[in-house]
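Student: Residue-level listing of the chains:
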Amino acid sequence: MNWIRPILLPVIVLATGLGVTWTAWDHEREAAAKEVHTQFASVLRETVSRIEQRMASYEQMLHGVQGLVSATGNIDRNQFRDYVEALNLDANFSGIQAISIEEWVPASQLDAHVARMTRQGLADYKIRPPGARMAYAPTILREPYVGRNRVAFGNDQWSDPVRRAAMEKARDSGMATVSGKIELAMEGPAAPAFMMYLPLYERGKPQSTITERRASLIGWVHAVFRMSDVIASLYGESSRTIAFTLYDGVTQQPQALLYRSPLASSPLHKPRLQADEYLVVANHNWTLSISTTDAFTAQFGRNAEHLIAATGIGASLTLALLAWLMMSSRKRAVRLAEKMTAELRASEEQFRAIADCTVNWEVWWGLDGRPRWINHAVRDYTGYTVEQCLSMPDFIGTIVHPDDERRIRAELARCMDGQKREDVEFRCVRKDGTVFWLSLSSAPIADAHGNFTGFRTSARDITDRKQIEAELRISAVAFDSREGMLITDANSKILRVNKAFTEITGYTAEEIVGKHPKLLRSDRHGPAFFQEMRESVRRFGKWQGEIWDRRKNGEVYPEWLTISAVKNKDNQVTHYVSTHHDISDRKLAEERIRELAFFDALTRLPNRTLLLDRLKQAIALSLRTRTCGALLFIDLDHFKTLNDTVGHEKGDTLLKQVAQRLLANVRENDTVARVGGDEFVVVLEGLNDTQQEAATQTRAIGEKILAALGETYQLDEVEYRTTASIGATVFLGRATSVDELMKQADPAMYKAKETGRNALRFFDPAMQTAVLERATLEAGLRKAIEGNQLLLHYQPQVVEGGRVTGAEVLVRWQHPQRGMVPPGDFIPLAEETGLILSLGNWVLETACTQLATWAKRPRMAELSIAVNVSAPQLREHDFVQTVLDIIERTGANPRRLKLELTESLLVDNVEDIIQKMFALKAYGVEFSLDDFGTGYSSLSYLKRLPLNQLKIDQSFVRDVLIDPNDASIAKTIVNLAQSLGLGVIAEGVETDAQRCFLADAGCHAYQGYYFCRPVTVEAFEKFAQDRDLLISAA
Amino acid sequence: MSRARIWQLIESGALDFSLSGITNPDRDKFAAFAWYFSNKYYLLVRKDAGIKQLADVARSERFQLGVIRGFRYSSNANRMVDQLTASNRVTLAGGLEPLYEALLQNRIQGMIMEPFDYPVVEEKRIRDATDIIGFEDPSVPHGLIMSRKALSPTELDKWRTLVNGMLADGTVLRIFRKYFNAELAAAMVEFQSKP
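From first to last, the protein sequence lines are chains A and B. Here the first sequence is numbered in our numbering, starting from 1 and rising by one per residue. Here the second sequence is numbered in our numbering, starting from 1 and rising by one per residue.
Heads up, a few of these hints could be off.
As the list claims (entries may be wrong) - Quick list of in silico lysine-lysine cross-link-like pairs, DSSO-like style, CA-CA up to 30 Å:
#1 Lys-783(A) - Lys-898(A)
#2 Lys-34(A) - Lys-29(B)
#3 Lys-181(A) - Lys-124(B)
#4 Lys-169(A) - Lys-178(B)
#5 Lys-205(A) - Lys-178(B)
#6 Lys-169(A) - Lys-124(B)
#7 Lys-921(A) - Lys-856(A)
What the hints assert, rightly or not - Where chain B lies over chain A, by a calculated footprint (3+ residues, C-beta under 8 Å):
#8 245-255
#9 277-283
Said to hold, decoys possible - Selected chain A positions facing chain B (in silico; Cβ < 10 Å):
#10 Leu-44
#11 Val-48
#12 Ser-49
#13 Gln-53
#14 Thr-287
For the record, the hints were derived by calculation from the structure and aren't laboratory data. Computed from a prediction, not measured in an experiment: that's the story for all the values here. The beta-carbon is built from N, C-alpha and C at its ideal position, and this holds for glycine as well.
Construct the complete structure from the given sequences, taking the supplied hints into account.
Tutor: Encoded structure:
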């Protein structure tokens, strides 16, 4: 339903426009109507008001007369006349015909009234109409007494019912009252009129009730109004916009009509709006009927609604039309585009038809140089028909390409000369402006007689060929590029190479054409490599990668090779094209980069990595040639200080200069390397074949180096002197490893430093031995702990009197080869290696086992064993548990176990130690502080430790008799122990004199050679027993 | 003077007082009141107008309502007046007299009245021809109209106090009883006076 779509939008636009228009029109209509109504209501209000105001002023005027009467008490003719004159009736109160006064004359006062009237000068005064009635109200005064008003007085108003009604109402209400409609007799038609009566009362009489009013009535004053005059005076010229009608009363009957405006009476009057209003004027009802005239509508009406409707509809239609045009134009545009596309496609096909043309284009020419006959092929070639061509004014100029025109004209001239032409190639321009190539031949035509009559040309489209030729030219140029190129046939026989190729490989074209590229192969790649290459070319038609080829001169070089297969139309390979890119330079660069990894950036010396390599080679060389080599570790003295004082830059400069000097002072084959900040290594090769001699040589070189390095350095503006320390080691290539050598030279260098710097120290074989020995010992100790090489010796602890209280156990090592190894030899080693833990545990275990054994023998059961506890042991986190386990396992009495701690243990982590001590103390284990006085313990810690005993170090005891200091120290310790409530025992008591002194000082427990050396357990037991015997004997 | 004129003069201050006025937001701006009675409004319709309830008025095609120019009534009555005015079905008058006449003449089919007017309406000729329908509004206070322009607030209060006094001591009731039946009079003075 496509036809709907283009219509839809315009329809919507139209509908919307009309809708809006209708809304506006409707609104305007309403507004207009409202406006008219409002104006009308306003006019009505205004008219009513005007009439009411006028009537009110009439009333006021009559009240004036009433006032006059009440003021004077009677009706004075002259005064009345003056008043009325003063009113200037004509101007202010136009419409009033006359103002009259009536006197109330009840029948009884009739005669008196007439007499009075006559007396006042009215000669022929009599009441008209004559006749006897109940009462009379004759007019006695009328002003202005002119013109029509000059009617005789005595006219009885009371006799007229209309007037009477009004007069009665006025009398009873005391207010002005308008009468009903009166018709005044005039010249011409009777004019509607009305009277307004105002009662006059006797002065001084009450007037508040009807009765009173009636009683005090003296007469009335009334005015006669001609309606037309009243209205005329109200409305100047008659109003054009409204027409109104006044009726007397509320009915709107013709006889009640008081006034009708001229417009209202016109038969053409068709009012748009009309309204009635009832007026109450002076006690009387009137009806005002107002209607609008055309003038009103014209003045107040708004006709905008028509304008709105017109413009709205017009605009809607216009917009809808525009929308429709827009939609359809789009459609039109689309259709146009489609048409153009179709045309284009058609012309494409035409093109193709032309391009496929294989038929020659034949032209026969006349001697005038103009074509006489052209074959139909011309259409396919050029796009022009035969007729068009024949009728062309300048065939050549039109068809031939401007750039070739001159040449072709020259050819044409030759043809006309009778010459044969072959393969003249030139461009032509088709009818549609495209260009194509022709190859033209021409031959002269002769008639039957052999006269030259013209020539014919035959042309072939060679555009394709030309294109191919162009492409070939391009590739020829490309071929001569900087990349080496090689072209082979399908069997890889080389057909062509370019110059670049010759440059790279060294093979000229003559040398290599006809051969197989195998010629270039180096021996670096295995058959698998070429297999993969072949596979890739076969499957993907190409291969590229890095390959090591061989130049003609045999040099093997790296190149980047690409191989591409050239296929013909049938997808068969006809040729292979390969490009060769010599990447030797690149490889070189890569090498260089890699090499840089082996060199120190600052000094350009080999770095550690390369050094190790060189060292390996040096060792290998040494091994091979059986000559010694040497390794020198050179360390600059105080280099850090230099860096800190003069800055890193100068430090670097120094290092560079050092490097230079080193290089200068070694031989060709020697290696100088930088292995650290200020550490250098020199490898000397090819020294003497004996180590001794080699060492001498080394020393010589080393001294030379030291001297060279000791020379002043110029670091920019700073002069600097430094020295170096050299550690040297000589090797003869046994299969020493690099590591070993390094390990030798290093300590040697340190030794050099130790011994004062600026020196050369050889790695001492003896050092080596010591290291070795240590290692051996370590291994041995391990075995000893596991095996039964360890045993405990007991040194008795005695008290005053000589009784043995216990023993300190000391571990001994019974080495199978070396015999008894002194504890000084293996205890430090054990501590360094951590073997002390297992050693310590073994000691504890053994001691506790012994305690358990002794426990069975009454005397022995009292003995305690003191065991030394090392720092590592104590720091173990499960130390407490370990000890408790041992105690439990062995069944020893913990109270007989004394753990000896050295003072130095208390240096750090005291809290932990205290905790552990307390833990064990809880089980009854005792603690004593060994070597007291030699360490760093603080007294504050001391008081917190759950100690039982202090042991006075043997250093104090030894000289207690000689050195007063030691003596006082010993005494102090004793006092301290006593005051802290601790036991005290002296170690190393060797003489009785010492024992005596100590006893005097208060120390009654001793241990030392004086009493007994550390002995085996059996010996100890015997000693103890002997002592007992001695004591009991004593 | 017509009622419309009276309101005009009250507003301009030319007139100090008038009587029996009711208030609305517009009037409140220029007039103050002292309430002395309250009554409801009624619709007086011709029997033959076919109006049985207020809603019939809107539906009736030819119903013409008579209203005194410048008069406002209770809210339902005002609404009816405004609706009919919009469709040109209101005839204005300067006073009640012509409206009664017009009603009897079938020039108008209905008019709005108050209990005040009962004595007139009770005249046989009107009563026979008409029905009375209530406006379902609460009764509206009526009072002494005082011009704000002409009188100071103190004077306004003074007069209000006076009127309240008259209400309180039964003077007003006494006056009403002269003219209306006792029941009506009592109903008229029975109201909640607004401040």
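Student: Now tell me if each hint is right for this structure.
Tutor: Here is how each hint holds up against the structure:
1. Lys-783(A) - Lys-898(A): Roughly 28 Å between the alpha carbons, so the hint for Lys-783(A) and Lys-898(A) holds.
2. Lys-34(A) - Lys-29(B): Since the Cα atoms of Lys-34(A) and Lys-29(B) sit roughly 27 Å apart, the hinted pair holds (cutoff 30 Å).
3. Lys-181(A) - Lys-124(B): holds, 27 Å
4. Lys-169(A) - Lys-178(B): Holds. Lys-169(A) to Lys-178(B) sits at ~23 Å (cutoff 30 Å).
5. Lys-205(A) - Lys-178(B): Distance of about 25 Å is within 30 Å: holds.
6. Lys-169(A) - Lys-124(B): holds, 22 Å
7. Lys-921(A) - Lys-856(A): holds, 24 Å
8. 245-255: holds (count 4)
9. 277-283: It holds: at least three residues are needed, and the segment 277-283 of chain A offers 5 whose Cβ sits within less than 8 Å of chain B.
10. Leu-44: For Leu-44(A), the interface hint holds, since the closest Cβ of chain B sits about 8 Å away, which is under 10 Å.
11. Val-48: Holds: closest Cβ of chain B sits about 7 Å from Val-48(A), inside 10 Å.
12. Ser-49: holds, 7 Å
13. Gln-53: holds, 8 Å
14. Thr-287: With Cβ-Cβ at 7 Å, under 10 Å, it holds.
Every hint, counting from the list given before, is met by this structure.
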